[in-house]
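Below, each chain spelled out in residue letters.
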Amino acid sequence: MQITKIHLIASLLALFAITGCSSSAQVQVERNFPTVVSKPKAVSASIIFNDEFKNYVATPSKNTTIAIGSAQTLMLSNAFAGLFNKIEFVQSRDQVSFENALVITPLVQEVQVSTPSDTYLNVYEVWIKYSLDIQNAKGDQIDNWFMPAYGKTPDSFMLSKTNAIEEATVIALRDAGAKLLLDFYRIPSIYNWLVRERKLGDEQ
Amino acid sequence: MKKSILLISMAALLGGCGATTSIDEYRPNNSVMEINSDESVVILGRRDAGHYDTDREFISCVSGKMKGADIGVVPEQQFIDSIYPWFEPRTAPKGLKRLTRLMQDPDIKSQVDIQRIRYLVWLDGSTKTDNQGGSISCAIGPGGGGCFGFAQWEKSSIYEAIVWDLSDFSEKGRLRVDSAGTSYLIGAVAPIPLLTPVKKDACSSLGKQLKKFFSVQK
Numbered sequence: 168m169q170i171t172k173i174h175l176i177a178s179l180l181a182l183f184a185i186t187g188c189s190s191s192a193q194v195q196v197e198r199n200f201p202t203v204v205s206k207p208k209a210v211s212a213s214i215i216f217n218d219e220f221k222n223y224v225a226t227p228s229k230n231t232t233i234a235i236g237s238a239q240t241l242m243l244s245n246a247f248a249g250l251f252n253k254i255e256f257v258q259s260r261d262q263v264s265f266e267n268a269l270v271i272t273p274l275v276q277e278v279q280v281s282t283p284s285d286t287y288l289n290v291y292e293v294w295i296k297y298s299l300d301i302q303n304a305k306g307d308q309i310d311n312w313f314m315p316a317y318g319k320t321p322d323s324f325m326l327s328k329t330n331a332i333e334e335a336t337v338i339a340l341r342d343a344g345a346k347l348l349l350d351f352y353r354i355p356s357i358y359n360w361l362v363r364e365r366k367l368g369d370e371q
Numbered sequence: 211m212k213k214s215i216l217l218i219s220m221a222a223l224l225g226g227c228g229a230t231t232s233i234d235e236y237r238p239n240n241s242v243m244e245i246n247s248d249e250s251v252v253i254l255g256r257r258d259a260g261h262y263d264t265d266r267e268f269i270s271c272v273s274g275k276m277k278g279a280d281i282g283v284v285p286e287q288q289f290i291d292s293i294y295p296w297f298e299p300r301t302a303p304k305g306l307k308r309l310t311r312l313m314q315d316p317d318i319k320s321q322v323d324i325q326r327i328r329y330l331v332w333l334d335g336s337t338k339t340d341n342q343g344g345s346i347s348c349a350i351g352p353g354g355g356g357c358f359g360f361a362q363w364e365k366s367s368i369y370e371a372i373v374w375d376l377s378d379f380s381e382k383g384r385l386r387v388d389s390a391g392t393s394y395l396i397g398a399v400a401p402i403p404l405l406t407p408v409k410k411d412a413c414s415s416l417g418k419q420l421k422k423f424f425s426v427q428k
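Top to bottom, those sequences are chains A and B.
Last residue of the first sequence? That's 371 in the numbering used here, and every number before it is there in order.
Last residue of the second sequence? That's 428 in the numbering used here, and every number before it is there in order.
Read the hints as simulated data drawn from the structure, not as lab findings.
Just so you have them, the derived chain B footprint on chain A, three or more residues with Cβ under 8 Å:
{"id": "1", "region": "198 to 211"}
{"id": "2", "region": "286 to 295"}
{"id": "3", "region": "342 to 353"}
Cβ atoms here follow ideal geometry from the backbone N, Cα and C, with glycine treated the same way.
Take the sequences, apply the hints, and build the full model.
Structural data, given as structure tokens:
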């Protein structure tokens, strides 16, 4: 009887040890992001964060999910606030109240993850591919801007796969904010729109 | 007699686990470093290379070793967050020209001034594992378990630190640390690791040298 119990405990321990090595990861990204150091331009914008974007859960592989909805909403809100001096965040197009503004709808196109076992590199990598649908207040499309973001983190001996992917995702989200701030006013169609709007403003 | 032989063998094995570390320092001129205890230095990791990342653990280790220098040390993440997004991997200045242009922005400059940061130290490098050899196998079953075999691997840490002065946007010096050593794992029922602290040695040597670099010569 005693031996059976010992066998049972030892088998359970071995089972726990084996399942502990499974490669699935459910990552929930919940972080605070720093406010941006940037002087916003005298431009108004309505940002549409719909429910799908706010609650987005990426499934880069069948064993990995990354819930980035709240983190990406927070990060991009921060970054947009550094671009425009008059800004509103709404849930849908019909809630837009600004008359002469850019209407921007961010969307996640794809999230990709690579682990050291995929690449034989000692890093975890995350790519988040965003697209920004940019329209004017009348609903005419100005651009559909592709915005990829990238983050990587070293594979540490004691770092679990979940923690490593979370860390790389946070770096990718910070990279998205940096890219947005750095490149938004360099988009040719946005630059042209600004010039046209200024001309119209001067004429009126 | 047997005990003494065992002890001598163990000591020889452990003694063999020491890392070989060398450090080089280069200063572009003989000007004396201006060091003021009211000012600070921040140690930042380069993270723009494709195949490695200068890890935060190493940066905080070096920062920790600099405690006691004649200048304050600002934590890396605190500085990067305070100036977001201008020191992210995508945006961080790679040269002094870009840094000069960045500091012309009054908002960025004021954040640096608030923290009284005088020097930036860029750390770039990584720790690699090479020449892995031997094999060890472990087995576990209801009746017990154990490991048998022998494995060894070599580790090398190479890091370079570049010191920038924010008062005149000049390079004040470069320090480079090379550390290498071999670690062993012996499986004799229980696995016995004989690890060489290569990275720890590199951190300790670089930290001490940087502390000297930022200390007033008496």
